[in-house]
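Based on the sequences and whatever the hints tell you, model everything.
Number of protein chains: 2
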Amino acid sequence: MKLVDKNTIDGMEQRFRAQFINGLSGYKSANLIGTQSQSGVPNLAIFSSVFHLGADPALMGMISRPDTVTRDTLSNIKELGCYTINHVNEDIIEAAHQSSARYEPECSEFEAVGLTPIYQNGHLAPYVKESFCQIGLKLREFRPLEINKTVMVIGEIVDVSLPEIAIRQDGSIDYSKLNTIALSGLDEYHKAASIKRLSYAKVGKPLVEL
Amino acid sequence: MKLVDKNTIDGMEQRFRAQFINGLSGYKSANLIGTQSQSGVPNLAIFSSVFHLGADPALMGMISRPDTVTRDTLSNIKELGCYTINHVNEDIIEAAHQSSARYEPECSEFEAVGLTPIYQNGHLAPYVKESFCQIGLKLREFRPLEINKTVMVIGEIVDVSLPEIAIRQDGSIDYSKLNTIALSGLDEYHKAASIKRLSYAKVGKPLVEL
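Residue numbers (the numbering used here), protein chains in the order written: chain A, 1 to 210; chain B, 1001 to 1210.
Bear in mind the hints are in silico, worked out from the structure with no lab data behind them. We put the CB at the ideal spot given by N, CA and C, even for glycine. A few of these clues could be false.
In silico lysine to any residue, SDA-like type, Cα no more than 20 Å apart, as pairs [unchecked claim]: (1) B:Lys1002 with A:Tyr119; (2) A:Lys202 with B:Arg1102; (3) B:Lys1138 with A:Arg17; (4) B:Lys1006 with A:Glu94; (5) B:Lys1196 with A:Lys202.
Computed from the model, here is a short list of chain B residues facing chain A with C-beta under 8 Å [to be verified]: (6) Gly1114; (7) Ile1118; (8) Ser1172; (9) Ser1184; (10) Val1208.
Okay, here's the thing in structure tokens:
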């Protein structure tokens, strides 16, 4: 094991440091955030920072850098009050990754990268047709984090579209039916295979495979 | 595609709902949080909510339920001001999962589940010897989220121990050398295999595999 201490981290070249530190949290989710501007331009951007926040109410969080001139996800969410989260699957990795390029506000990333916006369930923000898990959310909190000028967005889930076969009897989701991929670091995409499910852990009781 | 609307979500039985909503964010990281009580008892707990927050300063976030009588991670972090984050790998899935049982405060989960606490680099909190990515952090923020009574903990990375062979020339981390696994939902463990790395996305420029 090699020790990378604080001095070494502090002295890292900026891009090396970004690659290294981004890789430390473990596997990350890969999601496309669908929004729409006030003038009606659909917007799409890949995020690796979406996380589960709570089941009741059903909340999801995500972290974003502050919006710059050409990145419109945050301002669209604020203006429209809603957005969508769509799992990236193996067939749309390149398109999803390309959505992180700095397109102008009047350009739809859907069109630029070759994905299809769909409007459904009375939701104002576009979903990604090619995704097998499409989640509609309404904005609940927009919370700037002073510590490094990022923003935490908290949304409440209002609907989910996914293949019925992916919902198991106990409510858990069978990812093998969604073809969902995982991210590590800034740019590495992974296919995952289930090893096992384990029973709820109790003191003094052996775990059982579900 | 099956539509699960807000009424359906609201009407779900509690455990079904927990399984379903927990599964929506995509793949999650699996990390063991190492802490120590003021009376010197090492504590260990698995978290699926650790996320990357920023590279400069090097920050990681995690979400926790509020501490109850028998869950000591949060109070230990607050008291000691530091903690460790350790990747779960394929060889320690059962032990990591078992750490979520409600052991008494005077019981070391390390001992109970069969993992080894190590103290290194002058850090007061214990690392997990069996993990191939051991990260030491000092507490920066402890932020209760009123929306659902969870707590966001933000820590600054002070050291990292990992196999030297896992650090690529550009700083990115080769997860295949760490045997790190991914989680989905509440209880499903996955092995991941790299599909590809893609170049930094630019408007009008084709992506290249790295």
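### Message
Can you confirm whether the C-alpha distance between B:Lys1138 and A:Arg17 stays at or below 20 Å?
### Response
holds, 19 Å
### Query
Regarding the pair A:Lys202 and B:Arg1102, is the alpha-carbon distance no greater than 20 Å?
Since the Cα atoms of A:Lys202 and B:Arg1102 sit roughly 7 Å apart, the hinted pair holds (cutoff 20 Å).
### Task
Quickly compare the C-alpha distance for B:Lys1196 and A:Lys202 to 20 Å and report which way the hint goes.
This hinted pair is violated, its Cα atoms lying about 39 Å apart.
### Query
Measuring from the C-beta of B:Ser1172 to each C-beta in chain A, is the shortest one below 8 Å?
Holds, about 4 Å.
### Query
Does the structure keep B:Lys1002 and A:Tyr119 at a Cα separation of 20 Å or less?
Holds - the C-alpha atoms of A:Tyr119 and B:Lys1002 are around 15 Å apart, at most 20 Å.
### Task
Tell me if B:Ile1118 is really an interface residue toward chain A, meaning its C-beta lies closer than 8 Å to one of theirs.
Because about 10 Å separates B:Ile1118 from the closest Cβ in chain A, which is outside the 8 Å limit, the hint is violated.
### Query
Is the interface hint for B:Val1208 satisfied, with its Cβ closer than 8 Å to some Cβ of chain A?
violated, 11 Å
### Message
Interface hint check: B:Gly1114, Cβ to nearest Cβ on chain A, cutoff 8 Å. Holds or violated?
### Response
B:Gly1114 check fails; min Cβ-Cβ to chain A is 12 Å, beyond 8 Å.
#### Entry: Minimum beta-carbon distance criterion (8 Å), B:Ser1184 to chain A
Where the cut-off is 8 Å and the nearest Cβ of chain A is about 5 Å from B:Ser1184, the hint holds.
#### Entry: Given hint A:Glu94 paired with B:Lys1006 - CA-CA distance at most 20 Å
violated, 32 Å
Of the numbered hints listed earlier, those contradicted by the structure are 4, 5, 6, 7 and 10.
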